[in-house]
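Chains A and B, in that order, give the protein sequences. This note's numbering puts the first residue of the first sequence at -10, with every later residue one more than the last. This note's numbering puts the first residue of the second sequence at 366, with every later residue one more than the last.
Simulated from the structure, these hints should not be mistaken for lab results. Values in this document were obtained by computation on a predicted structure and should not be read as measured data. Treat the hints with care, as some may be off.
In the PhoX-like style, the derived pairs of lysine-lysine whose C-alpha atoms are separated by at most 20 Å in a straight line are [as the list claims (entries may be wrong)]:
{"#": "1", "chain 1": "B", "residue 1": "Lys414", "chain 2": "A", "residue 2": "Lys57"}
{"#": "2", "chain 1": "B", "residue 1": "Lys389", "chain 2": "A", "residue 2": "Lys(-8)"}
{"#": "3", "chain 1": "B", "residue 1": "Lys389", "chain 2": "A", "residue 2": "Lys(-6)"}
{"#": "4", "chain 1": "B", "residue 1": "Lys401", "chain 2": "A", "residue 2": "Lys178"}
{"#": "5", "chain 1": "B", "residue 1": "Lys415", "chain 2": "A", "residue 2": "Lys(-8)"}
{"#": "6", "chain 1": "B", "residue 1": "Lys414", "chain 2": "A", "residue 2": "Lys66"}
{"#": "7", "chain 1": "B", "residue 1": "Lys401", "chain 2": "A", "residue 2": "Lys174"}
{"#": "8", "chain 1": "A", "residue 1": "Lys56", "chain 2": "B", "residue 2": "Lys414"}
{"#": "9", "chain 1": "B", "residue 1": "Lys401", "chain 2": "A", "residue 2": "Lys60"}
{"#": "10", "chain 1": "B", "residue 1": "Lys401", "chain 2": "A", "residue 2": "Lys176"}
{"#": "11", "chain 1": "B", "residue 1": "Lys415", "chain 2": "A", "residue 2": "Lys57"}
Covered by chain A, according to a simulated footprint, are these stretches of chain B (three or more residues, beta-carbon under 8 Å) [to be verified]:
{"#": "12", "segment": "368 to 379"}
{"#": "13", "segment": "401 to 411"}
Heads up, the beta-carbon is just placed ideally off N, CA and C, and yes, glycines get one too.
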Amino acid sequence: MAKKKNWYDYLWIVSTLYIILGFFNILFAWLGLLCFLIPLVMSLTGGKKGYCNRYCGRGQLLTLLGKKFSKNLPIPKWISSKWFRYGFLAFFLTMFFNMTFSTYLVFAGTNSLKEVVTLLWSFSLPWHFASSSAPVAHWVKQFAFGFYSLMLTSTLLGLVTMVLFRPRTWCVYCPMGTMTQLVCKAKYKE
Amino acid sequence: MKKIATLSRNACVSCGCCETACPKNAIEIYNGIYAKVDQDRCIGCGLCKKACPADIISIKEVDSIG
């Protein structure tokens, strides 16, 4: 018998909308911060890893798409190794702070606004078509471009590994998943 | 003999995919750190093994207790 669906079983729609909206108005990218803050706050306040298998829209989306497109092959062992998971978390955080610093440089007037989305931290795509006409400071837009780059890149990585291996391979090396597991390990002394 | 799911706690990424897949609610993510299988509830159906993205679950035969 199929399990009764809850409201949070439809959060994959929110994740899909998030990616789509970034093509129309880059300021929506700010909403992605919720995907960083909610799991972190949950793990710090006793919610443990509840976000991952209940509220993660990206995970749900990968499960759904995986039913049709995944080769469902075992992942290479190195992806689930600690050095790769922690290394990817460290790399991801470095890139996040790098992006925040770029935002600061625009805020300080040192750099001008760059209306580009950078995929895989390397390939800059012109994204001026999604630049908002709202009267907001340039640094607000710069953060949105940078954050959307991060979200689009991680979605792309999730999709590629979903096709090549198991549907939710992304969950194995998801930086938020690794970080919240570390929080739980520290909190519950394991 | 009875079939049950077993896993390496150290290798678990605690994503919860197995917990969601289990039809008997026999798995919980213990303190957000690793998946813990309730051996009494587990029927060894293998749905958790299929759902685990890290491939750390195996189905083993054990002597049934009681």
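| query | Of the hints given before, which are not true for this structure? | reply | Violated hints (numbers, rising): 9 and 13; every other hint is consistent with the structure.
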